[in-house]
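Participant: Take a look at the letters that make up each chain.
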Amino acid sequence: MALVNLESVWKSYKKGRDRVEVLNDISFRVNSREFVALMGPSGSGKTTMLNLIGGLDRPTSGVVTVNDVVLNSLSSGKLARWRSESIGFVFQFYNLLPVFSARQNVELPLLLTKLSRKQRKKNAALALDIVGLSDRARHTPARLSGGQQQRVAIARAIVADPKILVCDEPTGDLDRSTATEILRLLQILNQEHDKTIIMVTHDPKAAEYAKRTMLLDKGKLVSSLLQSEVGAEVET
Amino acid sequence: MTTFGFLIKSMFRRKLLVTLSMLSLTTAFLLFILLRSVAVLFSGDFASVSDVHMQTASKYAIILLLPHRYGEEIAAVEGVRAITFASWFGGVFKEGDDSAMTFAVDPSTYFEVHENYQISSEHLDAFLELRTAAVAPEAIMERYDLEVGQKVPVTSSIFPNINGEPWTFDLVGTYSSENEVEADYLPFLFHYEYLKEATGVSDVGWYTFTIEDPEKASEIAHIIDSKFENTADATKTMTESEAMKNWMSQIGDIGLMMNGIIGAVFFTMLLLTANTMIHSYRQRIPDLAVLKTLGFSNNKVAGFMLFESLLFCTTSAAVGIGIATLALNGIGPFLPTGFVLAVTGPTLIWGTSIALGLGLVIGLVPAISANRLVIVNALHTK
Ligand SMILES: Nc1ncnc2c1ncn2[C@@H]1O[C@H](COP(=O)(O)OP(=O)(O)OP(=O)(O)O)[C@@H](O)[C@H]1O
Ligand SMILES: [Mg+2]
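Protein chains in written order, with this note's numbering: chain A, 1 to 236; chain B, 1 to 382.
Be a bit skeptical, because a hint or two may be false.
Said to hold, decoys possible - Chain A regions said to be covered by chain B (calculated; three or more residues, Cβ under 8 Å): (1) 80-86; (2) 112-123.
Unchecked claim - Each computed BS3-like pair below joins lysine-lysine, with the alpha-carbon atoms no more than 30 Å apart: (3) B/9 - A/118; (4) B/15 - A/118; (5) A/122 - B/196; (6) A/163 - B/300; (7) A/78 - B/9; (8) A/121 - B/15; (9) B/196 - B/216; (10) B/9 - A/114; (11) A/78 - B/300; (12) A/114 - B/227; (13) B/236 - A/121; (14) B/216 - A/118.
Simulated from the structure, these hints should not be mistaken for lab results. Even for Gly, the Cβ is constructed at its ideal location relative to N, Cα and C.
Go ahead and model the full structure; you've got the sequences and the hints to work with.
Facilitator: Here it is in structure tokens:
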């Protein structure tokens, strides 16, 4: 059974009187320990799809099943709890809380667990160590570079040890070499820590780090290719 | 980090703004406690004042005088035992001071009616003997540094002396009361006859008398007041405790006014802090969306906002009340004896209730908004 399973998912938003169709009949699966890149033009519905998988939003119709849980049927409270246990989020603009230090930002999701204060602190330090930022633990986001902030955000996403990471343009705001570092980090998390990763990106170079690339256009899934096939596709 | 630590740090996100807001709320609570303590003082009941003593004064105002002949008519009413009278003299002992309690009385009957006053027979005899004699209570002796045997110059704006000089009384004795509270409000007494001769005044301020049966007080009051009802000098008769309450209630209006001021202060504070809170909520929408993304539930995030506003208000209240208590303790020794300014239980309960109420009201809008905040929209606005 696939870890993430979307079945005939439709999503539309109301804008005043109009309905904006964002996702049209999307079906796809992501297996455990996959690293999937999601590409497509701006406004094609990538973020919307990620939000559905991450349990931040619900489909208008269709079924979203993640880790054997049908998200449609969960109450908002249960969905919140599920998010805290099952999903790690990484955003383009890091979304760290400005008054808190790197370690405190990372520790935040653990406030929802039963871990002791000491254990929380330890786990946060460990997560920071994994992303290579132990020496910046006490810095606030304003004193960190973009790449460092994104590392903190990644540490925050993995600290509760979720199976899945959803990343929305994690390198969109970073220069090439910093972006490469972040992508390598995600790759390590995928390969060595068994995280299933779904990453939205505009950058074909970034997509190369994934095993599979899905292309979305105007709310429709137009192709899903293994990384080895992407090159061939371009050639033909 | 604990959840509490997290909340505190979030709250002081903008240190200066929050600190200043808290300071102004603290000041409001300080003001509240101080004003209320004074109001409590003003409305304090003189429970120990007797119901055997009754008083007949002008119906319209205590400063209006009553005809001298009323005394005999009141004395004739059944159930009335001993009667005496007094006139407000408004004596000033020291230039620039307010007038002190100074009554022109009939010495021979005054102490008969006020049997709870204690005066040695020696001093009473001396008082009765000399037309210019006066007796003073401890409180006044102390305040103006008087001694038995000296001459006391006193001026009065109500009854200026004919030659423009101060009145001079021979202080021949002192007296006191068993009742401690009353002891601080005893008047300086001198001969009504002396005043009458010098100024030609023949009316009196009020009559005080004792009755045989306190149960009959209202009946007797009714008989007396209806006697003079249709004259130019209509009367109002009350027991002394009623009179005291009546007098206090006039000052009590000040208490009411103070409560009004307090109300206005808090209303302003409500608007100001509600504004601060809503502002701070708006700024934090992205952070709240992140918290929700991480798995904090709608109710939890709403709870954070409510907790914050409650903490904000109760901390301000606690500091304000604390400072007020210290201030009142500091003022205490400088007050006349009998005056007690202290933070009372009811005032504390009021303060706490206001703090909690204010916190709830102020926190409500941010809490509800936080609860309803839709993650994808909030993240979208970024
Ligand atoms: N919360 C929302 N309310 C209304 N409309 C929305 C909302 N979120 C997205 N949309 C609309 O849905 C469409 C797809 O948006 P989405 O953010 O998923 O695109 P995207 O592929 O992530 O684009 P980009 O590459 O620019 O991030 C857009 O037309 C957008 O205006
Ligand atoms: Mg997007």
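Participant: Can you confirm whether the C-alpha distance between residue 9 of chain B and residue 118 of chain A stays at or below 30 Å?
Facilitator: Holds, because 19 Å separates the two Cα atoms, which is no more than 30 Å.
Participant: For the pair we were handed, residue 236 of chain B and residue 121 of chain A, check the Cα-Cα distance against 30 Å.
Facilitator: violated (78 Å)
Participant: Checking one constraint from the list: CA of residue 216 of chain B to CA of residue 118 of chain A, max 30 Å. Satisfied?
Facilitator: Violated. Residue 216 of chain B to residue 118 of chain A sits at ~78 Å, over the 30 Å cutoff.
Participant: Report holds or violated for chain B covering the region 112-123 of chain A, Cβ cut-off 8 Å, minimum 3 residues.
Facilitator: holds (count 4)
Participant: Are residue 196 of chain B and residue 216 of chain B close enough, with their CA atoms no more than 30 Å apart?
Facilitator: violated (34 Å)
Participant: Residue 78 of chain A and residue 9 of chain B were given as a pair; does the straight-line alpha-carbon distance stay at or below 30 Å?
Facilitator: holds (27 Å)
Participant: Measure nothing beyond the straight line between the CA atoms of residue 15 of chain B and residue 118 of chain A; if it is 30 Å or shorter, mark the hint as holding.
Facilitator: holds (28 Å)
Participant: Is the hinted pair residue 122 of chain A and residue 196 of chain B satisfied, with a Cα-Cα distance of at most 30 Å?
Facilitator: violated (94 Å)
Participant: Is the hinted pair residue 78 of chain A and residue 300 of chain B satisfied, with a Cα-Cα distance of at most 30 Å?
Facilitator: holds (13 Å)
Participant: Does residue 114 of chain A sit within 30 Å of residue 9 of chain B, going by the straight-line distance between their CA atoms?
Facilitator: holds (21 Å)
Participant: Between the alpha carbons of residue 163 of chain A and residue 300 of chain B, is the straight-line distance 30 Å or under?
Facilitator: Given pair residue 163 of chain A, residue 300 of chain B holds - Cα atoms ~24 Å apart, limit 30 Å.
Participant: Three residues or more, CB to CB closer than 8 Å: is that satisfied between the region 80-86 of chain A and chain B?
Facilitator: holds (count 6)
The structure fails hints 5, 9, 12, 13, 14 (numbered hints given earlier, in ascending order).
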